[in-house]
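Visitor: Sequence:
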Amino acid sequence: MTALTDDRPVRASGLRKLLGRPELGSVVGAAAVFLFFALAADSFLQVSSLSTVLYASSTIGIMAVPVALLMIGGEFDLSAGVMVTSSALISSMFSFQMTANVWAGVGVSLLVTLAVGAFNGFMLTRTGLPSFIITLGTFLMLTGMNLGFTKLISGTVSTKTIADMEGFPTAQDVFASTLTLGGVDFRITILWWFALVALAGWILLRTRAGNWIFAVGGNQEAARAVGVPVARTKIGLYMGVAFGAWISGQHLLFSYDVVQSGEGVGNELIYIIAAVIGGCLITGGYGSAIGSAVGALIFGMTSKGIVFAEWNPDWFTFFLGAMLLLATLLNAWVRKRAEAAK
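The sequence shown begins at 74 in our numbering and counts up one residue at a time.
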């Protein structure tokens with residue numbers, strides 16, 4: 074009798090922990106989406122199809138991870154989509170114009186992209202304006218600069234080829250290569266994605282910086298009152314988004330060799346959607362890195378599952394919108410249940 078009595082609090086505590094996980098709703102949603110397309114499309118369960126789904130998920134997930142951390146910190150970045158294109162354009166045009174090893178362009182791109190992220194964070198903390206306004210301004214500036222500089226330097230809306238330049242093969246190996254495992258090809262972006270999820274999870278759950286992120290997202294003034302470096306934390310989060318944009322930009326460049334200056338517009342909403350589906354709250358202070366990965370996986374399964382099921386892809390955005398609403402409602406329900414169980 075004593076053993077049963079002693080075991081009940083343990084079970085209750087475990088249930089509370091499970092219900093309190095931000096990604097619980099998205100995991101349930103991901104299982105439902107997987108089962109749905111497994112039944113709707115015969116080819117969905119093939120290993121080659123899994124590789125395709127993971128690749129589609131990774132291209133979103135690489136950006137969804139830092140965007141999720143930023144949202145946990147209570148902010149948005151509407152310039153994230155075009156920043157990816159800016160990163161690729163800088164690498165390509167610098168290397169081509171300077172006739173330098175492409176790694177020089179990659180390095181310059183990293184510095185400039187991080188500077189853009191720092192600019193967003195600096196402007197936010199110094200002006201006190203909403204992140205929506207700050208990053209919308211950056212979005213418009215980057216969109217114009219991407220087109221203006223590309224046409225000025227290249228004479229067209231796309232960059233010149235750099236495939237024959239020194240350093241291109243090694244850079245392609247790092248950012249856009251394909252690994253073959255068991256006869257199935259997997260893109261290296263999947264490894265980048267997993268590495269970023271692991272790093273972000275470690276930061277959030279095992280470091281003081283992670284506590285700062287949750288604190289500034291939950292209550293900025295209270296966090297400042299107890300000594301949390303609010304400005305430094307938010308600038309670091311924006312630079313994290315910029316780092317993700319740099320990785321994604323280099324993948325874009327070294328996958329296709331040339332970059333269209335108008336790419337990336339609208340992708341920032343996809344990154345935010347993946348983070349929200351993964352359990353991040355719009356109001357900040359709640360979410361997880363794993364949740365953002367699951368949100369990106371749901372996006373990948375849906376986008377490719379529709380193709381495997383041979384449905385009209387025009388319906389994709391409808392399914393994406395429906396998933397966003399359902400995931401948000403499910404996450405809200407899970408959170409209320411977790412709070413009631415405390």
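Mixed in with the good hints there might be a few duds.
Label pairs and their computed distance ranges (CB to CB) [claimed, not checked]:
(1) Thr200 x Val120: 34 to 44 Å
(2) Ala395 x Asp330: 16 to 26 Å
(3) Asp330 x Gly180: 17 to 27 Å
(4) Gly180 x Phe222: 11 to 21 Å
(5) Val185 x Leu209: 42 to 52 Å
To be clear, the hints were calculated from the coordinates, so they are not data collected in a lab.
Positions of the beta carbon are idealized from the N, C-alpha and C atoms, including for glycine.
Visitor: State for each hint whether it applies.
Guide: Now the hints, each set against the structure:
1. One distance hint, 34 to 44 Å for the beta-carbon pair Thr200 and Val120, is violated here, with the actual separation near 51 Å.
2. Distance hint check for Ala395 and Asp330: the Cβ-Cβ separation is about 37 Å, which falls outside the suggested range of 16 to 26 Å.
3. Roughly 19 Å separates the CB atoms of Asp330 and Gly180, a value that falls within the hinted 17 to 27 Å.
4. As the Cβ distance of Gly180 to Phe222 is approximately 19 Å, the hint placing it in 11 to 21 Å holds.
5. In this structure the supplied range 42 to 52 Å is violated for Val185 paired with Leu209, their Cβ-Cβ distance being about 20 Å.
Comparing the model with each numbered hint stated earlier shows that hints 1, 2, 5 do not hold.
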